[in-house]
Amino acid sequence: MIRVKGLCKEFATFDNGSGGVLALSDIDFEVRDNEFVTVIGPSGCGKTTLLRIIAGLIPYHQGEVSIDSRPVVGPGPERAVVFQSFALLPWADVLGNVTFGLDVRGEAKSESQARAKELIKLVGLEGFEKRLPKELSGGMQQRVGLARALAVNPRILLMDEPFGALDEQTRRLLQEQLLQLWERERKTVIFITHSMEEAVMLGDRVMLMTPRPGRVKEMIDVPLKRPRPRDVEKSPAFVEIKEYLWENLRAMQTAQP
Amino acid sequence: MRGIVDGTAVEGKINSFARDWGLRLAVFVAAVGLWEFFLSRAQNFLLPTFPHIASALFHLVFLEPRFWEALYISNQALVLGYAGSVLVGIPLGLIAGRLRWMDRILNPYFGVLLVMPVAPLIPIVIIALGLGLVARVSIVVLFAVVFITINTRAGVRGVEPALIEMAKSFGASEGQIWRRIIVPGALPAIFAGLRIGLGRAITGMVMVELILVASGLGRLLLEFSGRMQSDLVFATVLAVIVEALTLLAAMQALERKIAPWAPDISIR
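As they're listed, the protein sequences go chains A and B. Quick note: the first sequence uses the working numbering, first residue 1, plus one each step. Quick note: the second sequence uses the working numbering, first residue 1, plus one each step.
There could be a bad hint or two in this list.
Derived DSS-like pairs (lysine-lysine); straight-line CA-CA distance at most 30 Å [said to hold, decoys possible]: (1) B:K257 with A:K109; (2) A:K130 with B:K13; (3) A:K234 with A:K217; (4) B:K257 with A:K134; (5) A:K5 with A:K242; (6) A:K130 with A:K187; (7) B:K257 with A:K117; (8) A:K121 with A:K134; (9) A:K117 with A:K134; (10) A:K109 with A:K121; (11) A:K130 with A:K109; (12) A:K242 with B:K13; (13) A:K5 with A:K187; (14) A:K121 with A:K225; (15) A:K217 with A:K242; (16) B:K257 with B:K13; (17) A:K109 with A:K134; (18) A:K5 with B:K257.
Here chain A is said to cover these stretches of chain B; the calculated rule only asks that three of the stretch's residues, wherever they fall, bring their Cβ under 8 Å from a Cβ of chain A [what the hints assert, rightly or not]: (19) 131 to 138; (20) 161 to 171.
The hints are simulated quantities; they were obtained by calculation from the structure and are not laboratory data. Quick caveat: nothing in here was measured; it's all calculated off a predicted structure. Backbone N, C-alpha and C fix where the C-beta goes; we use that ideal spot for every residue, glycine too.
Same shape as in the complex, but just chain A:
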């Protein structure tokens, strides 16, 4: 279980002495095991910062961030990140990229490669093991990123707008695929998105954040049944939650000076 309490994060600015920028203010929430939480908020609300703090990539000095009651002080084997820009090594092929996390941990080569091949098959890239990232489409590259994250068998998946750089059709396909994968093995997921449809479609709960300094405005339950049916977007409950999100987001952004 992920627990965040009273988290504040300030960034120092580059100009002299005018103080810092408060990115996050008093963040309070919990994510239960095996829960899929989507995070949405206006641009600049600090959602990426929050994710990176939970990933252990940036430090925090005020508040509490803990996983199973152990405070987060850096990256750890139980968490893996999927990046919006894919972050694939351009000089390694698909197999080399997927085994990256395992290689860093010092796993035996034959085992990492076997595991990587399994996952490459799982994300539908069988036969592409020797290809370089530049030979792949955006959607395929992100599937490599996903396979890489899953390869280290994390309990928690942290996804920073993973489909944001993709066209809508690819996005929808990957959403479906992600849900299928998640149904097989329900990891704890924190998924940042800009899209209200995506937030409601994927999440068990949606965390709505305020503009900077980011706060948790509300945690909204998504009581749609799992697995999500193909036409879930037409269901009245879906539309209602989506509209609710948009009303709030719109109000937050038009209220800004």
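Given chain A, put chain B in place with the hints provided.
Leaving out everything else, chain B in the frame of chain A:
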């Protein structure tokens, strides 16, 4: 034409090879033709015709032992100087690229060496270090090192920060980040620096001999030009150019082996 695994694909490769070299030969012939044409109009007895240059080159390479002696002497300075530049330049560039504070300290020195013409420094170095190999090696280093350093630094800086963050997210240590992300990421730029540095080192090697030291190839050049033997002057310069091109081509082949993902930024 991907699926065809037979003569057709190979044929395509041979054709493009032949075409490339055919074109290069054509340009060469055209250049020589222009040269001869220009000479026939000009009233300049000092400019050698192409056949003269060719025979002078033949004479140098096959009949003049002093040429090979001079080549050996000059290349001593080149090899030692270039090796020194690489051994100093790459680590400095790596550190400057990764550590901000180190970079701030070194930056002004890089800047000075970059924009300053090194040729005027040659007499100073000679005064300090004498006329021997040490002085020549130092000049070569001065010519080459800063370019290797700056390109290495740029390569390190140019590594996508997202990749470093990704590596950290998987728990990579600083050493692993260096080995798996920074060095491979910087390799194309490092090679660019090595190539530019090589060109600079060769320039430095010849220049110091021309200006002061009068040994090796520089000495030969001075002797030939002193005796108005312009065909031999041209031939010697040609020989240096051929050596430079050969070394650069070797380096390119090495780069293609080590860093095949690098874009082809060849400056030939």
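Now for the hints, and whether the structure bears them out:
1. B:K257 with A:K109: Distance ~23 Å between K257 of chain B and K109 of chain A Cα, so the pair holds.
2. A:K130 with B:K13: Roughly 23 Å between the alpha carbons, so the hint for K130 of chain A and K13 of chain B holds.
3. A:K234 with A:K217: holds (26 Å)
4. B:K257 with A:K134: holds (19 Å)
5. A:K5 with A:K242: holds (27 Å)
6. A:K130 with A:K187: Answer holds: K130 of chain A to K187 of chain A is near 29 Å, not above 30 Å.
7. B:K257 with A:K117: Since the Cα atoms of K257 of chain B and K117 of chain A sit roughly 26 Å apart, the hinted pair holds (cutoff 30 Å).
8. A:K121 with A:K134: holds (20 Å)
9. A:K117 with A:K134: holds (20 Å)
10. A:K109 with A:K121: holds (18 Å)
11. A:K130 with A:K109: holds (16 Å)
12. A:K242 with B:K13: violated (57 Å)
13. A:K5 with A:K187: The given pair, whose Cα atoms are some 22 Å apart, holds under the 30 Å limit.
14. A:K121 with A:K225: holds (28 Å)
15. A:K217 with A:K242: holds (16 Å)
16. B:K257 with B:K13: holds (19 Å)
17. A:K109 with A:K134: Given that 30 Å is the threshold and the Cα spacing comes to 24 Å, the pair holds.
18. A:K5 with B:K257: violated (52 Å)
19. 131 to 138: Check failed, 0 qualifying residues.
20. 161 to 171: Satisfied; 9 residues make the cut.
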